[in-house]
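The listed protein sequences derive, respectively, from chains X and W. Its first residue numbered 1, the first sequence is counted upward by one per residue in the numbering used here. Its first residue numbered 1, the second sequence is counted upward by one per residue in the numbering used here.
Derived by calculation from the structure, the hints in this document are not laboratory data. Keep in mind the model is a prediction, meaning the values are calculated, not measured. One should not assume that every hint holds.
The list makes no distinction among identical chains, and a pair is therefore deemed to hold if it is satisfied within one copy or across any two copies.
Distance condition first, Cα-Cα at most 30 Å in a straight line; then the derived BS3-like pairs of lysine-lysine [to be verified]: (1) K31 - K400; (2) K85 - K400; (3) K403 - K81; (4) K222 - K31; (5) K31 - K397; (6) K85 - K123; (7) K123 - K282; (8) K222 - K196; (9) K355 - K222; (10) K81 - K222; (11) K81 - K280; (12) K123 - K403; (13) K280 - K403; (14) K81 - K400; (15) K403 - K85; (16) K85 - K397; (17) K397 - K81.
2 protein chains.
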Amino acid sequence: MLHGKLLVAQGGGPTAVINQSLVGAVLEARKFPNVTGVYGAIHGVRGILAEDFVDLTRETTANLELVAGTPAAALGSTRDKPDLKYCQQILAVLRAHDVRYFLYIGGNDSSDTVRIIAEEAQKAAHPVRCMHIPKTIDNDLVLNDHTPGFPSAARFVAQAFMGVNLDTRSLPGVYIGVIMGRHAGFLTAAGAMARKYADDGPHLIYMPERVFDVDGFLGDVKRIVAQHGRCIIAVSEGIHDARGALIATQFAKSIERDAHGNVQLSGSGGVADMLAEQVKAKLGISRVRADTFGYLQRSFIGAASDVDAREAREVGETAVQFAMFGDVDGSVVIERVGDYAVRYRLAPLADIAGKTRVMPDDFIAAGGNDVTGAFRDYMRPLLGAGVPDAFRLRADKVPKILK
Amino acid sequence: MLHGKLLVAQGGGPTAVINQSLVGAVLEARKFPNVTGVYGAIHGVRGILAEDFVDLTRETTANLELVAGTPAAALGSTRDKPDLKYCQQILAVLRAHDVRYFLYIGGNDSSDTVRIIAEEAQKAAHPVRCMHIPKTIDNDLVLNDHTPGFPSAARFVAQAFMGVNLDTRSLPGVYIGVIMGRHAGFLTAAGAMARKYADDGPHLIYMPERVFDVDGFLGDVKRIVAQHGRCIIAVSEGIHDARGALIATQFAKSIERDAHGNVQLSGSGGVADMLAEQVKAKLGISRVRADTFGYLQRSFIGAASDVDAREAREVGETAVQFAMFGDVDGSVVIERVGDYAVRYRLAPLADIAGKTRVMPDDFIAAGGNDVTGAFRDYMRPLLGAGVPDAFRLRADKVPKILK
Chain X
1 MLHGKLLVAQ
11 GGGPTAVINQ
21 SLVGAVLEAR
31 KFPNVTGVYG
41 AIHGVRGILA
51 EDFVDLTRET
61 TANLELVAGT
71 PAAALGSTRD
81 KPDLKYCQQI
91 LAVLRAHDVR
101 YFLYIGGNDS
111 SDTVRIIAEE
121 AQKAAHPVRC
131 MHIPKTIDND
141 LVLNDHTPGF
151 PSAARFVAQA
161 FMGVNLDTRS
171 LPGVYIGVIM
181 GRHAGFLTAA
191 GAMARKYADD
201 GPHLIYMPER
211 VFDVDGFLGD
221 VKRIVAQHGR
231 CIIAVSEGIH
241 DARGALIATQ
251 FAKSIERDAH
261 GNVQLSGSGG
271 VADMLAEQVK
281 AKLGISRVRA
291 DTFGYLQRSF
301 IGAASDVDAR
311 EAREVGETAV
321 QFAMFGDVDG
331 SVVIERVGDY
341 AVRYRLAPLA
351 DIAGKTRVMP
361 DDFIAAGGND
371 VTGAFRDYMR
381 PLLGAGVPDA
391 FRLRADKVPK
401 ILK
Chain W
1 MLHGKLLVAQ
11 GGGPTAVINQ
21 SLVGAVLEAR
31 KFPNVTGVYG
41 AIHGVRGILA
51 EDFVDLTRET
61 TANLELVAGT
71 PAAALGSTRD
81 KPDLKYCQQI
91 LAVLRAHDVR
101 YFLYIGGNDS
111 SDTVRIIAEE
121 AQKAAHPVRC
131 MHIPKTIDND
141 LVLNDHTPGF
151 PSAARFVAQA
161 FMGVNLDTRS
171 LPGVYIGVIM
181 GRHAGFLTAA
191 GAMARKYADD
201 GPHLIYMPER
211 VFDVDGFLGD
221 VKRIVAQHGR
231 CIIAVSEGIH
241 DARGALIATQ
251 FAKSIERDAH
261 GNVQLSGSGG
271 VADMLAEQVK
281 AKLGISRVRA
291 DTFGYLQRSF
301 IGAASDVDAR
311 EAREVGETAV
321 QFAMFGDVDG
331 SVVIERVGDY
341 AVRYRLAPLA
351 DIAGKTRVMP
361 DDFIAAGGND
371 VTGAFRDYMR
381 PLLGAGVPDA
391 FRLRADKVPK
401 ILK
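Please model the entire structure based on the sequences and the hints provided.
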């Protein structure tokens, strides 16, 4: 075991349970006498560069437990995507503070940062054990059955569509909900978990894994409205046409990109309003409502999955155990065993870093506008205990007298 | 006591607890031997006109209890605003089905419908006891301390802003959340309940009770960003300029009006996107996100206030008791006694019908961009038990070595 400090940081978009991973790592690390201090970096790699650290060795366990149950990155996060030089500067800081363990909680961009730092550390005279702890509401890390953060976001999306389904039964019309997910449709697909009765919505689900055709969409909506007198649609912000052009950017006034070159999709009502306009104009339906779930789906407090919280805690704890008892760097991976349990293993960083997982074909229905039973089987245990249920009146109709 | 059937209906926008009122009325009505049947009208007054009734006398109590805990109008709702002729037709249907008690769960438009029907029933040879049961997330019924449905929507808004506050601490920027409320700012103001620490957002709250000035808004945002490095804003969809023109319609391509002549505000990202564009363009801030909370705030399943659920149940039950033991029509009103308890009384329909309550001046801070402590005192007991809490790390900073 290396003797020195352990540094943990959080990167990328926050989730409802990312602090579970932080606290899992911190509490486990504090047990090891060879760990001379547990530091947290403020705002991810950016905080490392600035030597902006807090001393987590002296946090109370009680407060750590309370922070674990609080959504979003308690240490702060960053969208910085370090290049080689940035990573070398990070390494210089780690060396100055005698950091021998570096744990980064994040998605596939963050795992790539860990990979570069691990490679540079191996070349340097200052060995650092580097661990990536998985996190992303998009569920788009390869090798993982699912990623911490996704189940809680999925639960929010499912609960939101349960409510929307009931609302749209009360006052019929067309409802469009736009869901996060640039390349992977998992979170949009999770809307399907809102369905209980045969005519429940969302009736149509459009994922970025399939080409989005506006005419096909309008035909689908027309058919569902004829069938049920209403139509609820879950659509990914990442839908694109046959040429691969984002539907979102085709109607946007200006395009914003982040440090990773990704087009900014959420935080604007663009796609939702455009699709609503199409339904109004082309189908002549007057009551069309469109909501972009936006940041609520990843930050809402009070709808986390207990399964997700538990696993997020475990990947943090496990990362420290791998770091202490093994002699390799890596990324903690969640594998499903049975129905339902998980086990954790350590995968090489190069096998995860920068790769994007999308929905497998057997999760997407043939028409490309719904999910399959296989997806529902996959999804159900992840939502956790106490998912709300919706009930209907079953009373008989009264015979008419006047008509 | 009149001898005959009792008819209950639900009108206007659904809430998370409107079915509590339905079930409260149905279960109480089923106890009275002079009530020969309990009918529910499908889609409010529209269902009455069509004689579209279900027989709630034969629903199981267990299922009614499950429906009570389910958001949105289980009987279906309507935006129809009956005129005199429509009300006379309703009365003809009530007479044909021997309905002697009519209960309508709804907002101020619905209460006006009850008033007209009650007046016509008094003129007719077929007496009908007419009761209005309050419901609206807007909290804009006069005489009421608050209205059922508002506390649960307020709780959703508070929980949403708690999460947004944490998310925006993780990745700083400007966040704008647009909240329902055409004339009354109560629901937007409820965002203030998300604040725990001194620098928590929402930092700015704009309600329709005050004139919205874009330049003043931009100045406020600039000041908060300078102070906290981020800014979270809660803004009502009903904000308007000094001439009374809605900010929403100044940028909308087309304007949709409902049967009451109200401009459609939610179900579009218009106001949010416009304000975000202004902040980007005029203040040069790049990370600006805007979400319209839309239908989630009134339909989300799993964030209802238990206080709200209990009171919604009681106004339904109480309406039947007033109908049976009194000999006047009216609207059930919630009055606050102590801190915190309520009592119910019956107000004349004419005192409620068609009137709109807005935020009292002592709930709005002097600058017009925040709420007061009096509002927070008013609001806190309504949110109910188990509101999530957010915690922060308290660890000390580590001294820098390199810099």
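Which numbered conditions among the earlier hints are violated in the structure presented, ordered from lowest to highest?
4, 7, 9, 13
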